[in-house]
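Position one of the sequence shown corresponds to residue 250 (the working numbering), numbered consecutively onward.
Do not rely on the hints blindly, as some may be mistaken.
Derived CB-CB ranges, DEER-like [unchecked claim]:
#1 277 with 355: 36 to 44 Å
#2 280 with 506: 22 to 30 Å
#3 354 with 430: 26 to 34 Å
#4 500 with 280: 15 to 23 Å
#5 278 with 428: 49 to 57 Å
#6 519 with 413: 16 to 24 Å
#7 476 with 522: 25 to 33 Å
#8 304 with 278: 38 to 46 Å
#9 401 with 491: 25 to 33 Å
#10 303 with 273: 41 to 49 Å
Within a straight-line C-alpha distance of at most 27 Å, the following computed BS3-like cross-link-like pairs (lysine-lysine) qualify [unchecked claim]:
#11 289 with 523
#12 454 with 418
#13 269 with 506
#14 506 with 401
#15 293 with 418
#16 308 with 409
#17 425 with 409
Calculated from the structure, these hints are not laboratory results. Note that the Cβ used here is the ideal one computed from N, Cα and C, for glycine as well.
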Amino acid sequence: MTTNAAVIQAAAAIILKDAKDERDIIWRAFADRTEAIEDKFKPKLRTAFTKQEKSVLAKLRGKRIPDTSDAEKSIYALFSDVLLKASEEAEAAVEKFVDTIYTASAWQVIFTEAELPFMTLAYGEAGQAAYAEIGIQAAFNVNNPRATQFLKDRTFESVKGINEETRAKLKRALVKSFDAGESIPEVSKRIAEVFDINRGSRTDKIARTEIVGASNNGTYAGYVESGIVLTHTWIDSRDDKVRDSHRIDGQTRELGKPFSNGLLHPHDFNGPAKEVIHCRCTLSADKLKEAA
Numbered sequence: 250m251t252t253n254a255a256v257i258q259a260a261a262a263i264i265l266k267d268a269k270d271e272r273d274i275i276w277r278a279f280a281d282r283t284e285a286i287e288d289k290f291k292p293k294l295r296t297a298f299t300k301q302e303k304s305v306l307a308k309l310r311g312k313r314i315p316d317t318s319d320a321e322k323s324i325y326a327l328f329s330d331v332l333l334k335a336s337e338e339a340e341a342a343v344e345k346f347v348d349t350i351y352t353a354s355a356w357q358v359i360f361t362e363a364e365l366p367f368m369t370l371a372y373g374e375a376g377q378a379a380y381a382e383i384g385i386q387a388a389f390n391v392n393n394p395r396a397t398q399f400l401k402d403r404t405f406e407s408v409k410g411i412n413e414e415t416r417a418k419l420k421r422a423l424v425k426s427f428d429a430g431e432s433i434p435e436v437s438k439r440i441a442e443v444f445d446i447n448r449g450s451r452t453d454k455i456a457r458t459e460i461v462g463a464s465n466n467g468t469y470a471g472y473v474e475s476g477i478v479l480t481h482t483w484i485d486s487r488d489d490k491v492r493d494s495h496r497i498d499g500q501t502r503e504l505g506k507p508f509s510n511g512l513l514h515p516h517d518f519n520g521p522a523k524e525v526i527h528c529r530c531t532l533s534a535d536k537l538k539e540a541a
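Please model the complete structure; the sequences and the hints are all you need to start from.
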């Protein structure tokens, strides 16, 4: 290798290292910002799940079954239209019964009130950080029509999905109770287990997905609205948990052009769920328009 080639190679290595170091710094700031908001959102989400649990259990216990004690009450007595213990009959009966103790749409407002303020906060902080990154001194307007429509639509879909999944989990729990011929106290225990999971790992998953998603969409919106960002770069989460399709740290694309995994940016909600859930990647601005 000639001296000039060696110098060029060494310089290129330094440039690549400096770029990676810069991405490390950007990702850490992004993670600190989103994790702080997640920690504020989680208690509100757990409170909403607890309200749901109390409502479901109260309605279950309110079902009148005459001439039996609680311990003797069998789940079969709740389904007067079921004559045989056949799995398909259990499924049909439970489908009807779930609607008497839980209606997903009835919880839309409560969960929206829990989620929307933190989605707005994450989106707004990210948009402002994007402006600062590219040297724009103005305030990022989180109340502009594009932002408010995105936040409204995304929160609606998120909350709808949360409550529909809870309904599905309750249905599965009741089918198992029916098949096992359990007592009402045993049914109540199964329902409580559903909400224990909701308040635990499920809350963590929801908070990460939605807050990180709002943040990355806010960053992307900041780049678009600035009018000066030409290209942007994918930054992965700097650990071994990164999914294969997201191992594209340092990949750069024109703004508005998809990355190699098909997403316009991390947490592009138009992409498949498998590319969005639990994602912790982010992005940075790369090439900017030169001042006139």
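Here is what the structure says about each hint:
no.	hint	in the structure
1	277 with 355: 36 to 44 Å	holds (41 Å)
2	280 with 506: 22 to 30 Å	holds (26 Å)
3	354 with 430: 26 to 34 Å	holds (31 Å)
4	500 with 280: 15 to 23 Å	holds (19 Å)
5	278 with 428: 49 to 57 Å	holds (51 Å)
6	519 with 413: 16 to 24 Å	holds (20 Å)
7	476 with 522: 25 to 33 Å	holds (32 Å)
8	304 with 278: 38 to 46 Å	holds (40 Å)
9	401 with 491: 25 to 33 Å	holds (31 Å)
10	303 with 273: 41 to 49 Å	holds (45 Å)
11	289 with 523	holds (25 Å)
12	454 with 418	holds (16 Å)
13	269 with 506	holds (22 Å)
14	506 with 401	holds (25 Å)
15	293 with 418	holds (21 Å)
16	308 with 409	holds (22 Å)
17	425 with 409	holds (25 Å)
Consistency with the previously given hints is maintained throughout, with no hint failing.
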